[in-house]
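Student: Build the full structure now, drawing on both the sequences and the hints.
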Amino acid sequence: MAVAIALRVRFFARLREQAGTETVAIQVAPGSTLADVYDVLRQRHPALESDRTAVRGAINQEFAAWTAPVSDDDEVAFIPPVSGGC
Amino acid sequence: MTTGPLDARELEAAVTHPGAGAICTFTGIVRDNSRGQSVTHLDYEAFAEMAVPQMRKIGDDIKSRWPGARVAMAHRTGHLEIGEASVVVCVSAPHREEAIAACRWGIDTLKESVPIWKKEHAADGTFWIEGHEAKPAG
Chain A
1 MAVAIALRVR FFARLREQAG TETVAIQVAP GSTLADVYDV LRQRHPALES DRTAVRGAIN
61 QEFAAWTAPV SDDDEVAFIP PVSGGC
Chain B
1001 MTTGPLDARE LEAAVTHPGA GAICTFTGIV RDNSRGQSVT HLDYEAFAEM AVPQMRKIGD
1061 DIKSRWPGAR VAMAHRTGHL EIGEASVVVC VSAPHREEAI AACRWGIDTL KESVPIWKKE
1121 HAADGTFWIE GHEAKPAG
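Going line by line, the protein sequences match chains A and B. Heads up: the first sequence begins at 1 in the numbering used here, then just goes up one per residue. Heads up: the second sequence begins at 1001 in the numbering used here, then just goes up one per residue.
Because the hints were derived from the structure by calculation, they are not lab data. It is possible that some hints are incorrect.
[Claimed, not checked] Result set (SDA-like, lysine to any residue): computed pairs, CA atoms no more than 20 angstroms apart in a straight line:
id, chain 1, residue 1, chain 2, residue 2
1, B, 1135, A, 47
2, B, 1111, B, 1085
3, B, 1135, A, 52
4, B, 1135, A, 53
5, B, 1135, A, 56
6, B, 1135, A, 79
7, B, 1135, A, 48
8, B, 1135, A, 18
9, B, 1057, A, 59
10, B, 1135, A, 85
11, B, 1135, A, 81
12, B, 1119, B, 1030
13, B, 1111, A, 63
14, B, 1135, A, 16
15, B, 1135, A, 20
16, B, 1119, A, 21
17, B, 1111, A, 53
18, B, 1135, A, 49
19, B, 1057, A, 85
20, B, 1057, A, 63
21, B, 1111, A, 61
[Stated by the list, open to error] Listed next, the stretches of chain B that the computed footprint assigns to chain A, with coverage defined by at least 3 CB atoms under 8 angstroms from CB atoms of chain A:
id, stretch
22, 1046-1053
23, 1125-1135
In this text, a Cβ means the ideal position worked out from N, Cα and C, and glycines have one as well.
Tutor: Given below as structure tokens:
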């Protein structure tokens, strides 16, 4: 069993500005959920949005629930409410 | 998804065919005001690897909800000036009712679900638009 799960994390729009970076590589404990990943990132990047209801997570380019487990080599993205169109 | 100007006529040409009696095209344009403030320009940012599949899914959903419809859509990213087109959704169908309904559903669904964000440069500052909210940009 793996001792840690390696993830690539991407931030977009306001969250990218808050994190001060577009991508980070992190390791989390096996069994971690998307919510756990966000909590770890908030400790590293305290400016990140504290209200998780204003953020959505995606795993491998698909929206996912906060309770969704992450796996080794996943690409995780944190996404503010969208505003495309006009 | 493109950083260059959008051409609605090009999208219309892509959906036109002999069985299509109607083409409905929606073009979203950068407006010079928002929230009661004047706007100088916009920047759009996209999560392209996720946005493009989401746009394809909207096209597939339109084709199953409105049989016979053909769909083309494009979104621009990067720096946009007032009066430039940010998005075009184009649907052809046998009759006008389906073309108009499907086009409207397409732009509404795009606005709700496709990971693209608008940064507004306005007289009172720079804001990320998040749904119906404007939040100060860094």
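Student: Okay, which hints does this one fail, numbers in order?
Tutor: none
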